[in-house]
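From first to last, the protein sequence lines are chains C and H.
With UniProt numbering applied, the first sequence corresponds to residues 1 to 467, in that order.
With UniProt numbering applied, the second sequence corresponds to residues 1 to 467, in that order.
Derived by calculation from the structure, the hints in this document are not laboratory data.
Wrong hints could be hidden among the right ones.
Listed next, with one range per pair, are the computed distances between beta-carbon atoms [stated by the list, open to error]:
| # | chain 1 | residue 1 | chain 2 | residue 2 | range |
| --- | --- | --- | --- | --- | --- |
| 1 | C | V423 | H | A304 | 28 to 34 Å |
| 2 | H | D371 | C | K265 | 45 to 51 Å |
| 3 | H | D371 | C | H42 | 49 to 55 Å |
| 4 | H | E307 | C | V423 | 50 to 56 Å |
| 5 | C | D371 | H | P358 | 28 to 34 Å |
| 6 | H | R125 | C | E97 | 37 to 43 Å |
| 7 | C | D348 | H | T309 | 47 to 53 Å |
| 8 | H | E216 | C | R453 | 48 to 54 Å |
| 9 | H | R125 | C | L459 | 54 to 60 Å |
| 10 | C | N447 | H | D371 | 45 to 51 Å |
| 11 | H | E360 | C | P448 | 56 to 62 Å |
| 12 | H | R262 | C | P433 | 49 to 55 Å |
Virtual Cβ for every residue (Gly too), placed ideally from N, Cα, C.
Number of protein chains: 2
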Amino acid sequence: MDIEALKTEIDGIRIEENPAVVKQKSRDFFWYSPVLKEQLDHITADIVVSPNDEAEVIRVLSACCRLGIPVTPRGTGTGNYGQAMPLSGGVILNLAEMSAVREIAPGRVVCEPGAVLAQIDRATRAHSGQELRLSPSTYQTASIGGFVAGGSGGIGSIRWGGLRDLGNILRLRVVTMEEEPRVLELTGEELHKVTHAYGTNGIITEVEMPLTAAYEWVDVIVGFESFMDAARYGNALARQDGILTKLISPIAAPAPFDYFKRHQKFLREGQSVCLVMVAPQSLDAFRAFTERAGGEVVFDAADAGPEETKGLPPVTELSWNHTTLRALRVDSAITYLQVLYPFPNQIDLVAKIHAMIPDEMIGHLEFVRFDGDITCFGLPMIRYSTAERLEEIIRLHEENGCPIFNPHRYTLEEGGMKQTDEVQLAFKREADPKGLLNPGKMIAWENPDYDYRSDKPFLFPRLQRAS
Amino acid sequence: MDIEALKTEIDGIRIEENPAVVKQKSRDFFWYSPVLKEQLDHITADIVVSPNDEAEVIRVLSACCRLGIPVTPRGTGTGNYGQAMPLSGGVILNLAEMSAVREIAPGRVVCEPGAVLAQIDRATRAHSGQELRLSPSTYQTASIGGFVAGGSGGIGSIRWGGLRDLGNILRLRVVTMEEEPRVLELTGEELHKVTHAYGTNGIITEVEMPLTAAYEWVDVIVGFESFMDAARYGNALARQDGILTKLISPIAAPAPFDYFKRHQKFLREGQSVCLVMVAPQSLDAFRAFTERAGGEVVFDAADAGPEETKGLPPVTELSWNHTTLRALRVDSAITYLQVLYPFPNQIDLVAKIHAMIPDEMIGHLEFVRFDGDITCFGLPMIRYSTAERLEEIIRLHEENGCPIFNPHRYTLEEGGMKQTDEVQLAFKREADPKGLLNPGKMIAWENPDYDYRSDKPFLFPRLQRAS
Chain C
1 MDIEALKTEI DGIRIEENPA VVKQKSRDFF WYSPVLKEQL DHITADIVVS
51 PNDEAEVIRV LSACCRLGIP VTPRGTGTGN YGQAMPLSGG VILNLAEMSA
101 VREIAPGRVV CEPGAVLAQI DRATRAHSGQ ELRLSPSTYQ TASIGGFVAG
151 GSGGIGSIRW GGLRDLGNIL RLRVVTMEEE PRVLELTGEE LHKVTHAYGT
201 NGIITEVEMP LTAAYEWVDV IVGFESFMDA ARYGNALARQ DGILTKLISP
251 IAAPAPFDYF KRHQKFLREG QSVCLVMVAP QSLDAFRAFT ERAGGEVVFD
301 AADAGPEETK GLPPVTELSW NHTTLRALRV DSAITYLQVL YPFPNQIDLV
351 AKIHAMIPDE MIGHLEFVRF DGDITCFGLP MIRYSTAERL EEIIRLHEEN
401 GCPIFNPHRY TLEEGGMKQT DEVQLAFKRE ADPKGLLNPG KMIAWENPDY
451 DYRSDKPFLF PRLQRAS
Chain H
1 MDIEALKTEI DGIRIEENPA VVKQKSRDFF WYSPVLKEQL DHITADIVVS
51 PNDEAEVIRV LSACCRLGIP VTPRGTGTGN YGQAMPLSGG VILNLAEMSA
101 VREIAPGRVV CEPGAVLAQI DRATRAHSGQ ELRLSPSTYQ TASIGGFVAG
151 GSGGIGSIRW GGLRDLGNIL RLRVVTMEEE PRVLELTGEE LHKVTHAYGT
201 NGIITEVEMP LTAAYEWVDV IVGFESFMDA ARYGNALARQ DGILTKLISP
251 IAAPAPFDYF KRHQKFLREG QSVCLVMVAP QSLDAFRAFT ERAGGEVVFD
301 AADAGPEETK GLPPVTELSW NHTTLRALRV DSAITYLQVL YPFPNQIDLV
351 AKIHAMIPDE MIGHLEFVRF DGDITCFGLP MIRYSTAERL EEIIRLHEEN
401 GCPIFNPHRY TLEEGGMKQT DEVQLAFKRE ADPKGLLNPG KMIAWENPDY
451 DYRSDKPFLF PRLQRAS
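Chain C with its partners taken away, still in its complex shape:
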């Protein structure tokens, strides 16, 4: 890999070769998974390149294409599955410097891929009281390009579904990996080509996202005697069409008391909870509903005084992947899964699965709209013993009709639908004919004969060897 030749070719563009920094920029939150931690801990790029604008991106891609150097794009590295990890080394294309918020209009924002979600919302709130529809729990640090390329939904999905749904991304500007890179504008049906493709088939240089009305969302925590009470409450609240919520997250004991340290003073040991973000104008209705449903409000930010809320993280940072993060900080043996509980049996399935795995699994649900219905994902915390037992737990879910989006795999297919995405594969043939973008992440490209029903994880042959 002729990194020296590359440096000459891209002279004037910011680079970084300090091995410690390069290694740090080659990592994400893959270590949430003990499986990925073992497989990927040694991975590092050869060089980090930080373009300032699309013209520099084009120069880098052109040079790397000619020199046959792999390029792995990276936003701020908040992914959990090694999305931005350079499995065969080469260049980390650090897009964090391209962070401008370019244009705000009713219902729309245009920005560069490195813009951080919270930064975008600050700009759109100040401009016209608007905010993004969807964000991960890493809202304060995640970039919009990384979210579009490596995320799927999160806070706001109870109202808007996921990023894969038509309308939740408006336009992407994408540069191809060719000797003469092309710049494409994708809208409508074409967006799927590069959405959630981990940057394997194009580099996103501009993102247009829909906006919705911003409110001073109120954090509330509702306490329950049991996890299933919290789950049923969350399900019923999610189905209240007139109560505007942004987050509904039931979490089983002992997680709330044991892992949410700053909130411990509001909680009882052994208490399960439902985290809620509710719009201020829906508070009265929310409280009426909660009373009707027999929930006990243990924390309500609208009622809490400044001393009570001082130093408290927002409930967003107790939810989605942050739930697991807080558990990991207390107990490093915790890992997690990602489950879909299909509508309309979500509540029965949650009860059944959690009864089957009572001790190793701590329940955590996130209510969402999914294909037009209200249902829930699970992000259960798992007390990890062995990779085999983890596989067994996954099998128990799947045998009971609950698909797993496996967060212990670094490929698109194994973490997703376990089948070739023909649209994304075809676009890779067109936009990255040499297969240099984020190698090893798209099985369909690396090994067209791979059997998705085999129980064995895909092993990327050109995975960097541990030294």
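Using the hints, position chain H against chain C.
Leaving out everything else, chain H in the frame of chain C:
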């Protein structure tokens, strides 16, 4: 009925006794129903009283209570079931003069009951780019108080459900019908006491409603070969969580071509359609979805030139009860029903029912969120022959699991759930102990022994006799 004594008591408050004007102010759109037309055509109040503020409302109610004079509140008279018709004469309390928009804040508006919906939206749009969540197709003329007291939902229900859902009304200020009227503020669970009670148990003097982001909604009409194609398309569109719509209304041939005269140039004879209002930021996604679904866009306001759109009514005025109105203008023998097609079988039920009644019924659906699910109401147009045949058609619906909200009845119960609403009845006992507010509309008050399962319409004994 001592109207002269009343006039003395309320001296200084605006009144109207001209019989032609009083009769006009005693009517609504009850004549949509041939049944109600026959029953109620002669109804008239003795006097119209038009208070300017809550203090005048209190004076009127106090005087009427002492004198035993019935009081029927009226907004702008856009109801369809005689909601504001004074069955026993007395006073029409015309609240149209109390029309101030008092306060606008993020997510909220406070107004007087006579404020017209379009007027409220003009104020909230100008103030902060906000609009009401829900409105009837009579948006340009209906008052907010009348909508809350006599309506149920409409445009926007595909996103927010109905007025009966917690959170879709924030606060109501209500004056009781007592010698010393009390002023009550209702929020949360208590709102149900007077919501959709036709003013039978209190007079609304202030309304606080939730607001949502206003957009320059785009009117689109999608054409289909058959009504069921339009229905399936509407159902699938309604389930697109990322595409922001405000109206999804499939309407069967021959209605679009025959009844939507101004839009005829865009339509083919025999074409069924789906009317859609879509947010501008969702247009690309909407078009991609429509192409995927095989719909043919026959009118798209975002693409149409000024000559094409000149004089066209908005699609809102082709939808909900306006569909029937346009049919009636062309064919006075048309009437209608109101049906719920329960989730998840809505599409099969629509197909089944329409196949059973092929010639007399012209399909018209409105997609809504209902108790957390996406389903549709039907407002089928009916070629009216006899009251008996209409009853038979109603029976066919009910026998097949499709509840009818009968628009050919003037009572709350027969138009609604066909059972006593204990909360509203209890509140009437408290707030209108003499039973003077809008007499004859609440069966539970007039005849506690009434059998809702009898096939006979409730006949109010004190219904004014036709002269």
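Hint by hint, here is what the structure shows:
The hinted window of 28 to 34 Å between C/V423 and H/A304 holds, with their beta carbons roughly 32 Å apart. The hinted range of 45 to 51 Å is not satisfied by H/D371 and C/K265, whose Cβ atoms lie roughly 37 Å apart. H/D371 and C/H42 have their C-beta atoms about 53 Å apart, which keeps the hinted 49 to 55 Å range intact. Under the hint 50 to 56 Å, the C-beta atoms of H/E307 and C/V423, about 40 Å apart, miss the expected range.
Under the hint 28 to 34 Å, the C-beta atoms of C/D371 and H/P358, about 33 Å apart, fit the expected range. For H/R125 and C/E97, the Cβ-Cβ distance of about 39 Å falls inside the hinted range of 37 to 43 Å, so the restraint holds. Checked against the hint of 47 to 53 Å, the pair C/D348 and H/T309 passes, with Cβ atoms roughly 51 Å apart. Here the CB-CB span from H/E216 to C/R453 is close to 49 Å, well matched to the stated 48 to 54 Å.
Checked against the given bound of 54 to 60 Å, the beta carbons of H/R125 and C/L459, roughly 58 Å apart, stay inside it. A hinted range of 45 to 51 Å for the beta carbons of C/N447 and H/D371 is consistent with their spacing of about 47 Å. Under the hint 56 to 62 Å, the C-beta atoms of H/E360 and C/P448, about 59 Å apart, fit the expected range. Against the hinted window of 49 to 55 Å, the Cβ-Cβ separation of H/R262 and C/P433 comes to about 54 Å, which satisfies the hint.
Of the numbered hints stated above, those contradicted by the structure are hints 2, 4, listed in ascending order.
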